[in-house]
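A.B. asks: If you want the building blocks of each chain, they are given just below.
2 protein chains.
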Amino acid sequence: MNYTKQLLEKVAANNEVIGVIGLGYVGLPLAVNFAEAGIKVIGFDKNPDKVDQINRGDNYIKDIRDAVLREVVENVSLCATTDFSRINECDALLICVPTPLDRFKKPDMSYIESACTEIGQHMKPATFISLESTTYPTTTEDLMLPIIERESGLKHGEDFWLAYSPERVDPGNKSFHTRNTPKVLGAMTPDGLEIGQAIYTKAIDHIHPVSSPRVAEMVKILENTYRLVNISLINELALLAGKMDINIWEVIEAAKTKPFGFQAFYPGPGIGGHCIPLDPFYLEHIAKQYQFDLSMIHTAGHINMRMPHYMYIKIATALNRHQKAVNGSRILFLGVAYKPDIDDARESPALEIMETVAHKGGQVEYHDPHIPSVQMHHGASLDSISLTADHLAQADCVVLTTNHSAFDVAFIQQHAKLIVDMRNMVEQAGGKVYKL
Amino acid sequence: MNYTKQLLEKVAANNEVIGVIGLGYVGLPLAVNFAEAGIKVIGFDKNPDKVDQINRGDNYIKDIRDAVLREVVENVSLCATTDFSRINECDALLICVPTPLDRFKKPDMSYIESACTEIGQHMKPATFISLESTTYPTTTEDLMLPIIERESGLKHGEDFWLAYSPERVDPGNKSFHTRNTPKVLGAMTPDGLEIGQAIYTKAIDHIHPVSSPRVAEMVKILENTYRLVNISLINELALLAGKMDINIWEVIEAAKTKPFGFQAFYPGPGIGGHCIPLDPFYLEHIAKQYQFDLSMIHTAGHINMRMPHYMYIKIATALNRHQKAVNGSRILFLGVAYKPDIDDARESPALEIMETVAHKGGQVEYHDPHIPSVQMHHGASLDSISLTADHLAQADCVVLTTNHSAFDVAFIQQHAKLIVDMRNMVEQAGGKVYKL
Chain A
21 MNYTKQLLEK VAANNEVIGV IGLGYVGLPL AVNFAEAGIK VIGFDKNPDK
71 VDQINRGDNY IKDIRDAVLR EVVENVSLCA TTDFSRINEC DALLICVPTP
121 LDRFKKPDMS YIESACTEIG QHMKPATFIS LESTTYPTTT EDLMLPIIER
171 ESGLKHGEDF WLAYSPERVD PGNKSFHTRN TPKVLGAMTP DGLEIGQAIY
221 TKAIDHIHPV SSPRVAEMVK ILENTYRLVN ISLINELALL AGKMDINIWE
271 VIEAAKTKPF GFQAFYPGPG IGGHCIPLDP FYLEHIAKQY QFDLSMIHTA
321 GHINMRMPHY MYIKIATALN RHQKAVNGSR ILFLGVAYKP DIDDARESPA
371 LEIMETVAHK GGQVEYHDPH IPSVQMHHGA SLDSISLTAD HLAQADCVVL
421 TTNHSAFDVA FIQQHAKLIV DMRNMVEQAG GKVYKL
Chain B
21 MNYTKQLLEK VAANNEVIGV IGLGYVGLPL AVNFAEAGIK VIGFDKNPDK
71 VDQINRGDNY IKDIRDAVLR EVVENVSLCA TTDFSRINEC DALLICVPTP
121 LDRFKKPDMS YIESACTEIG QHMKPATFIS LESTTYPTTT EDLMLPIIER
171 ESGLKHGEDF WLAYSPERVD PGNKSFHTRN TPKVLGAMTP DGLEIGQAIY
221 TKAIDHIHPV SSPRVAEMVK ILENTYRLVN ISLINELALL AGKMDINIWE
271 VIEAAKTKPF GFQAFYPGPG IGGHCIPLDP FYLEHIAKQY QFDLSMIHTA
321 GHINMRMPHY MYIKIATALN RHQKAVNGSR ILFLGVAYKP DIDDARESPA
371 LEIMETVAHK GGQVEYHDPH IPSVQMHHGA SLDSISLTAD HLAQADCVVL
421 TTNHSAFDVA FIQQHAKLIV DMRNMVEQAG GKVYKL
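Respectively, the protein sequence lines represent chains A and B. Take any residue in the first sequence, note its place counting from 1, add 20, and you have its number in this note's numbering. Take any residue in the second sequence, note its place counting from 1, add 20, and you have its number in this note's numbering.
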């Protein structure tokens, strides 16, 4: 029997089972979207706490509405499991595992490798497999394919189909979520592309097919490299503008009036999150295999890496004007999330600045309405303190590191002795307010 | 008498005379816009040919409609002159002179200095002066002001007002022209800003005021640095993609489906024109005074500078596949303008590639429907040949350097033996077509 025809018929009848591997901020919304569309979904994760939470109908991802998760769990469209042998119940497997960098900024592919091994060991024939995790071009074809074929003994293009379709999740984005964000899809064969489109169309409004997985892999890298490079550029210009007595925020607002050929980026204490600080370095990694030096990414990465240090200098300079040293001063950071109104502190520059300040003898405190405690590098954890008039007044310096909309800037300004504003939150600089 | 009040009243009554210094692609459209609004305009230029053409009603700027120029000249709203002593008839002076880089990529400020000297020697009190030319931040305050005060013996803020308002002319842009492109304006004093707004509002729909000339100077640099950096980034990624067997054009089209946080730029043989290749280097120049290294601009500039050389290699590689050397081959370039559908070859990368090919022994020919002849570096001039089937067939290699919409790609593809396409004009690569 022809597996392509068999699977396409199953999909057309809405009888396929979707397996989503990795139930984080990418995988869980995707699983919920398929379940909402009436497709049976099995979510796989190695973390039993996450699995239990989902099976109880408890939501842990901000961008999903609690009621929606509860509903799809209650009507048995979605269940979660730590048992990867249930992969053999699935007709399609969507891989949403992390692809972090290791301590030497090299891509850590172990999550993808492990997922592929599990898939190879448990999958049945006639399965469609798609990777959603960001990675360097050639990963799908050169890393995943050999593992899956070896572990399964099955043959690509006959027994299964491999594709790459990058996630474009933007946590906190009010306008664009999983369903209405167009999705790029590149498969290794035309029938793989046909199957992938038939499946993804159920959860996502618009699928943009490309000619190969490597093109799709490059798309995601381009999108995030664009952001890294432009944020680094505006950070560098902000540092120069500071020396030239030019308000960079005013410059950006004015440049935005150009009705063509300009997109505004804003300076800040550095780049955080799971994508922009990492993705370009996957490309840098693979470029080395081609004897190619990505000078723009390298330079941008350098600026970004240095920003937290410059921000430390900014704090020290502000304190110095008040005849105080960092050493012995009490410094209150407002916001440790890497962007406003989210509860994620991954790769957050605020943490790195706090580390540096603590290392130099400063007494570090923080408040974040969305993040009750953080882990510092040396292992100790720090709890968010309340944002009271007293706490503000007792600090020698208050540092605005994340522009959460919950922050009452007037209240902060009223009670703080000294403010270093890294996010243009205070309207007028001067006096006790120092701006990036 | 209070000069501010006097000038504002004159402007309110539409009785002011505007002097536009420099009648190129920025100055002439601006002059025409004021004249169309019923304001008397005197255009100043040192080139008697330009002045004569304007006074005859002959238009030489593509973005101006011929009939409009003729009309404003005939009804005596606009006249042109080489006589700079007539500056004393003007109430406002708008400076639109070139600010090129010299051979060592240092800003050549001589045109601005010369304009300021003429102004200082001839101006009457109660004159508003605005610079439109792109330049490094601090030019207006630190370079222009001392020259004008010294030459005129007048005092800024009392006898005259100085401002900076960058041009945003985008030649060939069908949607945005002088009047409907918002204009940034930064003056040295509040009354200067008030006067400037009152004047510019007559020719331009939206004025965006900023707090100082240096902020406005930085705005223009930011806009064009953004473009330089992003074009350089995509050029670098295109070179890597070529090695990785990834079609960069397909990648960009797919990335464009992201509905937020992305703006598409396209690779090409290098950056041309009067703005993008130059403006960032003004900033690099002034940054040195502040002991500041603009690493992003430096890196972007490096990539851009090397692109014509990479393009030469591309041509040599394509010829090599056909067992031919550049030396002795006949190579036909299609398009020498720096962007499509314009007649401007300033800083055009096509010219540099042609120089290199000629230097290596290639027989260089070109066709451009908008540019009948070009000047090569060694002084010889080269004429555009006609785009015939014979000329295409006789070339060992046809290079697509500018994507003029007049080019019939199917015709070119039909008759050319070998094509190197630097602008993604041919839909399918492969066979005799090599793409960037």
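Possibly wrong hints are sitting among the right ones.
[Said to hold, decoys possible] Cross-link-like lysine-lysine pairs, in silico, DSS-like; alpha carbons within 25 Å at most:
1. B:60 x B:30
2. B:30 x A:222
3. B:66 x B:82
4. B:276 x A:359
5. A:276 x B:66
6. A:126 x B:66
7. A:82 x A:70
8. B:308 x A:263
9. B:60 x A:276
10. B:308 x B:344
11. A:125 x A:276
12. A:194 x B:66
Simulated from the structure, these hints should not be mistaken for lab results.
A.B. asks: Quick check: which numbered hints come out false for this structure?
C.D. replies: Numbers 2, 5, 6, 9, 10, 11 and 12 - these are the hints that the structure violates, sorted from lowest upward.
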